[in-house]
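All chains, please: the whole structure from these sequences, using the hints.
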Amino acid sequence: MSETRSDSHYYVPPPSHYPVTINLGLFVLALGFVLRINAIASGVVPILAGMAVVFYGAFGWLGKIICEDESGNYHPWEDRSFRIGMVYFILSEIAFFASFLLALMYVRVFVLPELASMDPRYTLWPDFRGTWPSGGPKSQAFTPLNAWGIPAANAILILASAVSMMWARKGLSTANRGQMVAGLAMALALGVAFLFQQAMEYRHAAELGITLATGVYGTNFYMLTGMHGAHLLAGIIMLAVLLLRAFHGHFKAESSVGLELVAWYWNFVVVIPGLLIFIYFYWL
Amino acid sequence: MTQAITAVAHDQHEHPPAGIMRWLTTTNHKDLGILYMSFGAIMFFIGGVLIMAVRAELLFPGLQLLSPGMYNQLFTLHALIMVFGAIMPFATGLNNYLIPLMIGAPDMALPRVNNWGFWILPFAALLLLIPFFLQFSGIGSGASGLGWVMHNTSLDLQGGIGVDFAIFAIHLLGLSSISGAINVVVTVLNMRAPGMALMKMPLFVWAWLITAFMLILAMPVFSAAATMLLTDRHFGTHFFDAANGGDPILLQHLIWFFGHPEVYIVLLPVWGLIPHILATFSRKPVYGYRAQVYALWAICFLSFIVWSHHMLTSGLPLAAEVYFMYSTMAISIPTSVLVFCWLGAIWRGAMTFETPMLFALGFVAHFGMGALTGLILPDVAVNAQYHNSYVIVSHFHYTFFGGGIFGMLAALYYWLPKFTGRMFDEKLGRLHFWLTVISFNMTFIPQWFAGLDGMPRHIADYALRFSTMNFISSVGAFLLGLSQLLLVYIVFKCVRSGPKATGQVWEGAQGLEFTLPSPPPYHTFETPPAVK
Amino acid sequence: MEPDNSAIRDGHAVNKWLARHFCINRSDRAANFREWGRIEKRLTLLLVTVFSLFAASLSCAKSIWDFQEPVTPVARDSIAASVDFLRIIMGIYVVVFAVFAYSIFKHRKSSGAQPGTFTKPGTRWQWALAISPFLLLIYIDYIWMGVPAFHAIAQMEDTRAAAEMVVKVTASQWKWQYEYPEENIRFVSTIATTQGQIHNREAKGEHYLQEVDNPLILPTNKKVRILLTSTDVIHSWWVPSFGVKRDAVPGYLREMWVNIEKPGTYRGQCAQLCGDGHAFMPIVVEAVAEPQFKEWLARKKAEGSAAEAAAGKVWSREELMAKGNEIYNGVCIACHQAGGKGVPGAFPALAGSKIVNGPLLDKNGLLIKDGHLDRVMNGKPGTAMQAFKNTLSDVEIAAIVTYERNSFGNRMGDMVQPSQVKALR
Ligand code: HEA
Ligand code: HEA
Ligand code: CUA
Ligand SMILES: [Cu+2]
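Protein chains in written order, with the working numbering: chain A, -4 to 279; chain B, 1141 to 1672; chain C, 42 to 466.
Simulated crosslink set (SDA-like; lysine to any residue; CA at most 25 Å straight-line): (1) Lys263/C x Arg117/C; (2) Lys245/C x Gln1204/B; (3) Lys1567/B x Ser152/C; (4) Lys463/C x Tyr221/C; (5) Lys430/C x Ala111/A; (6) Lys382/C x Met1210/B; (7) Lys421/C x Phe228/C; (8) Lys463/C x Ser448/C; (9) Lys421/C x Phe1375/B; (10) Lys303/C x Glu205/C; (11) Lys133/A x Thr1371/B; (12) Lys430/C x Ala350/C; (13) Lys245/C x Ser1207/B; (14) Lys341/C x Lys430/C; (15) Lys410/C x Ile368/C; (16) Lys395/C x Gly1278/B; (17) Lys150/C x Trp1646/B.
Simulated from the structure, these hints should not be mistaken for lab results. All figures in this text were calculated on a predicted structure; none of them were measured in a lab.
Right under this line is the structure:
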């Protein structure tokens, strides 16, 4: 608050058409998607158009922010807004991931035991044993995944990416730009490697008979890792932008919000859920 | 540094683009506040017209106007539009307009995000309504008819394109609510004028801070549930299918984990603004400020741990039933703290009864009824009689309309002179109040008795024993609808030809916003005011 | 306040009327407000009186609560509790509202009140006054209401102890199947009200919408454990007089119990939004004394063994068609409509349907996946089309399939025998 203010003017950006443009894109995208999944119309055109508009808007907006940042419009007061905003955004992402993780917990702790323990005289699912890993009484047969293959390796990769992110921030604060760039590049590379391995894991899973429709097992596997992968992809894009900015000489020790926000995002939205998925889905 | 400051000054004094572009691109919190509030008002009327068709169908037993499928679509749209389109945006509009004025900030902290959050809403509303109109040209089977919270998973799996449209509308609404909520949190935590300590903030700001917090935690769960529904419907997943190890009740858990906080999300802003109005017209300071702040936090916390009281007939284990019963009852304690603080606010005051005050008192009287009826619902054994009957419909319209809408109307009348710079017609305002009170009770008291008598909700047609109560209720609803037309007239008259309002507006009014002229200039508090 | 008559003279009719009846006069604003204030005061008083009279009468007279007559221990307990609770909250409301009303009438600027400046309780006495309602509320919540509530729940959930018989209820869109597993009896119960009554072409009967073709028959004075499940979406079984309502969840078993103390006919309906026919899914229970119940069971069993025998015999096409027509109009017509026209976008037409006009069985006499017989017997998971082998007998399935293949303009000319259906189960 007052003590962190560098001056008494807060930067209020001028009118901008990017937000409403993005919304138009989102609307067209959603429309196309609904049409497509219901086979009413092909929907491909609106989906692509919507995506293009959203990307146009998002990059325009982001570019604007970067410009404003670099032309010195932001001071500690504005930075603080971004930081608080990011904290709460991450909170909402955590709530989102928690819903999926808790749905998995609900299945494992309540659903499967209940399906297996109905009054034996009237049970709807005779012969169902209900021990995890299981896809439910009528699911296709499959072989469960092993935690100590790619999943464990991936857990290590993602932990390592968190460490290199930390290292990059250290580099920034000690004005060691080389270290910063190297750290960012390493985090990015580890993220890409993770995604690549994940794709391998999907192929392996398919061989074991696990598809999206293989009962709750397949459902939770693909949904959890898929949601995680999507966020990881977003994180990778952010890292790529950071890297480009770093090449252009952006970020100083005293003005580094962009980098720090991405680091937070990476740690809380990408790394922690990834580890939790490893522990609770594959391992335990 | 100097260069930066001139740049800032330049940005802010640039004239906004004219015409529609001004509204599409604006980053000004007052513009966005007006947009949000107008959108809320329009949606209120659309939601109201939809339910008038429902009440017309229920006027007499037998099917006269609607097919059962159309009936389901109408009340589902009604509820979604009223909750997500009318009340929430209106409350967001109030926060946009007022929070910066109340805490002495130049604007909301993230103005462009603010614009983004608003302009999603019309698109989300479109998504909700498109399938409704498509059905008339023979495409699809209409809008979602599954109830506002999609009570019934497997039914969701069957519904037509309307459900998919609703799912995407929910995603967009979620983006809007979360971005708006983040903006409120950042603004309140970062933009207060020097000296505006947290515990000096007006209660409305406190209430919105807490609401925003709840939105940030609850809304993503709704989005997650909608995502699971989407993949179950179209991509072969099995979250909700028993044969494949899922559970239809899982969706209810997720939805109510969001849905219960949601009802407080709707009401918290109102609880925040009522003390302002009561204090103003009693010419007294707010009573029990600290107690109210703590009570609001307590309600926020409790609201996240009681969700299953909406599912007490779904066959939860005994221990869970008992837990959810007792924890739900606990909400009565912080809520009555608020009620008694309102009493303290008017006690030994020098009251006058201008329209906002009437609506505020009307809010207290009706919200009291809604909340007290809520107190008996969680009793599991008795809930078996109440659940999914018209008792519930009566309960939540007392809280949503008697609480939410009465509160919004009180706020509208209270701050309307501030927004427009003109006074409204007091006499008509009072007339509006009395008409609303009478017709509102006429609509929803009979529903309570129909429910006790065993009338389920969500039915397009009913047995003969419920005829009398439904007839009275429908007539009441028509009167209620017509009375709201008066509101339109009052607001238009106020904007066009009301007498000029002073900055202070009301004799007893306090707060930073009343130190500004009415209407306040486009940019306010560019240099933060000093707060004692 | 004398109304200013000049306005009446030259104002128009509405003004005149207002001025005469409400002393409202458009030309004199200040006077108007005072008049309005007076009227409002009267209105408020009136409203308060009406409200409190209403509340008072409610808390005295039990009958006006209008619950349907309770006939099971659970219903008696929960309705008694409910009436108590309603009185308690009415009491709270009247007391708190009275304090508000007192303040509203006493502490007005117009009666010269000076505003206080206090913002919280000051003296120890005031603190005590402020805290006591909460102590009282905690007492009400957790002791006065909380203890009986706990007992009622425990009683309601005690479904298994000393249960003397079991009934299994299977809900489907928009009918109930009742099954007595120990007796090997089952039948389907659907609404009996005619479309004519619903669409106002005929006069409505006394039990409009609350009448069924085959009511559930239960013995009195016996603890009956009711198991619930569903074949498609969640439904909810509710008979107000029994004080129980429980959801029927597809794929799960839920349970509840009743012990009906008085013979009679009790009516209720589905209480969970379950699609277009939700309003048309009534429940009728006839409670009869034990001997009559036994008699009924015996009769039902005899019918059952007749059906068994029927499944064994070879049916003629005419017999199958007649039976099929009957079943179609009872069961399938709700969705596939008269003449098999269906509802575009929701329920496919059977007239000219590829599936109906496709082959019946494969070379080995087995079901063809997604063939006609398969669709009727096993339904299509995830849609409203349910597996009818759970609810219909062999004869019924054979008849309905034969009927559909040879009606609505479908001319397949073949037929299915009940024995074939039996073999395919
Ligand atoms: C903020 C929330 C809100 C508000 C304000 C309202 C307002 C009203 N509601 Fe609504 N309602 C809900 C939220 C709300 N409702 C929810 C959440 C449900 C549950 C849905 C579900 O089960 O899924 C519901 C369900 C619901 C039902 C139950 C349907 C059923 O279960 O079968 C009914 C039935 O009477 C009803 C009635 C009304 C009426 C008469 C009003 C009136 O107050 C409306 C008054 C306003 C107007 C009428 C508009 C203004 C007037 C005009 C535009 C002029 C034109 C007027 C005429 C033609 C007369 N509502
Ligand atoms: C803003 C909306 C709102 C609010 C504030 C509340 C408040 C409460 N509600 Fe309500 N409720 C809804 C909106 C709301 N509800 C909706 C929309 C539904 C239905 C959803 C659906 O199914 O579609 C619902 C349904 C609902 C159910 C589910 C019923 C069922 O379907 O079976 C239950 C069960 O416990 C419940 C309980 C409560 C409780 C305990 C409170 C507590 O917060 C109440 C606490 C307050 C008090 C106990 C009062 C204290 C007051 C005094 C002490 C004095 C008062 C006197 C005067 C002012 C004169 N509500
Ligand atoms: Cu079955 Cu409603
Ligand atoms: Cu609730």
